[in-house]
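> Sequence:
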Amino acid sequence: MRCNWVILALLAGAGLPAAAQNRDALYLQSLAATCANCHGTNGKSADGSAVPSLAGMPQDTMVAQMKAFKAGTRPATIMHQLAKGYSEAQIEQLAGYFAAQKK
Numbered sequence: 010m011r012c013n014w015v016i017l018a019l020l021a022g023a024g025l026p027a028a029a030q031n032r033d034a035l036y037l038q039s040l041a042a043t044c045a046n047c048h049g050t051n052g053k054s055a056d057g058s059a060v061p062s063l064a065g066m067p068q069d070t071m072v073a074q075m076k077a078f079k080a081g082t083r084p085a086t087i088m089h090q091l092a093k094g095y096s097e098a099q100i101e102q103l104a105g106y107f108a109a110q111k112k
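First residue of the sequence shown? That's 10 in the working numbering, and the numbers climb one at a time after it.
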């Protein structure tokens with residue numbers, strides 16, 4: 010009987026990496042959702058909007074622009090304030106997320 014408990018414990022633990030991946034994916038989706046108010050769902054701005062779409066933007070381009078907003082070297086109405094709230098890691102994560110989205 011004890012052998013069955015060991016097997017069950019091992020099987021239950023097998024899902025831990027997947028659970029961590031799901032947690033990380035949910036975190037990233039929630040982080041990206043903060044951009045939706047201006048840049049649209051999944052980074053797709055409304056047609057004709059003055060606000061650029063983030064979906065499909067090259068990762069290095071978005072990182073550079075976010076860093077410029079954060080440093081105050083790129084003019085903005087609100088992005089310079091918002092960008093200061095993101096860590097370097099979060100900027101990289103967001104840029105990767107949006108680069109992976111279809112335009």
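Treat the hints with care, as some may be off.
[Said to hold, decoys possible] Dumping the calculated DSS-like pairs for lysine-lysine here, alpha-carbon to alpha-carbon at most 25 Å:
| # | residue 1 | residue 2 |
| --- | --- | --- |
| 1 | Lys53 | Lys112 |
| 2 | Lys53 | Lys79 |
| 3 | Lys112 | Lys76 |
| 4 | Lys76 | Lys93 |
| 5 | Lys76 | Lys53 |
| 6 | Lys53 | Lys93 |
[Claimed, not checked] What follows is a set of in silico ranges between Cβ atoms, one per label pair, in the way DEER data are often shown:
| # | residue 1 | residue 2 | range |
| --- | --- | --- | --- |
| 7 | Ser58 | Gln38 | 17 to 23 Å |
| 8 | His89 | Ser39 | 35 to 41 Å |
| 9 | Asn31 | Thr82 | 34 to 40 Å |
| 10 | Pro67 | Leu40 | 16 to 22 Å |
| 11 | Gly81 | Lys112 | 27 to 33 Å |
| 12 | Pro61 | Ala29 | 22 to 28 Å |
| 13 | Asp56 | Gln90 | 24 to 30 Å |
Source of the hints: derived by calculation from the structure; they are not laboratory data.
Predicted, not measured: the structure shown is a model, and the values here were computed from it.
Glycine residues also receive a C-beta, built at the ideal position from the N, C-alpha and C atoms.
> Next, verify each hint and record whether it holds.
Verification of the hints:
no.	hint	verdict
1	Lys53 x Lys112	holds, 7 Å
2	Lys53 x Lys79	holds, 22 Å
3	Lys112 x Lys76	holds, 22 Å
4	Lys76 x Lys93	holds, 9 Å
5	Lys76 x Lys53	holds, 21 Å
6	Lys53 x Lys93	holds, 23 Å
7	Ser58 x Gln38: 17 to 23 Å	holds, 22 Å
8	His89 x Ser39: 35 to 41 Å	violated, 23 Å
9	Asn31 x Thr82: 34 to 40 Å	holds, 37 Å
10	Pro67 x Leu40: 16 to 22 Å	holds, 19 Å
11	Gly81 x Lys112: 27 to 33 Å	holds, 29 Å
12	Pro61 x Ala29: 22 to 28 Å	violated, 33 Å
13	Asp56 x Gln90: 24 to 30 Å	holds, 27 Å
Hint compliance for this structure: hints 8 and 12 are broken, all remaining hints hold.
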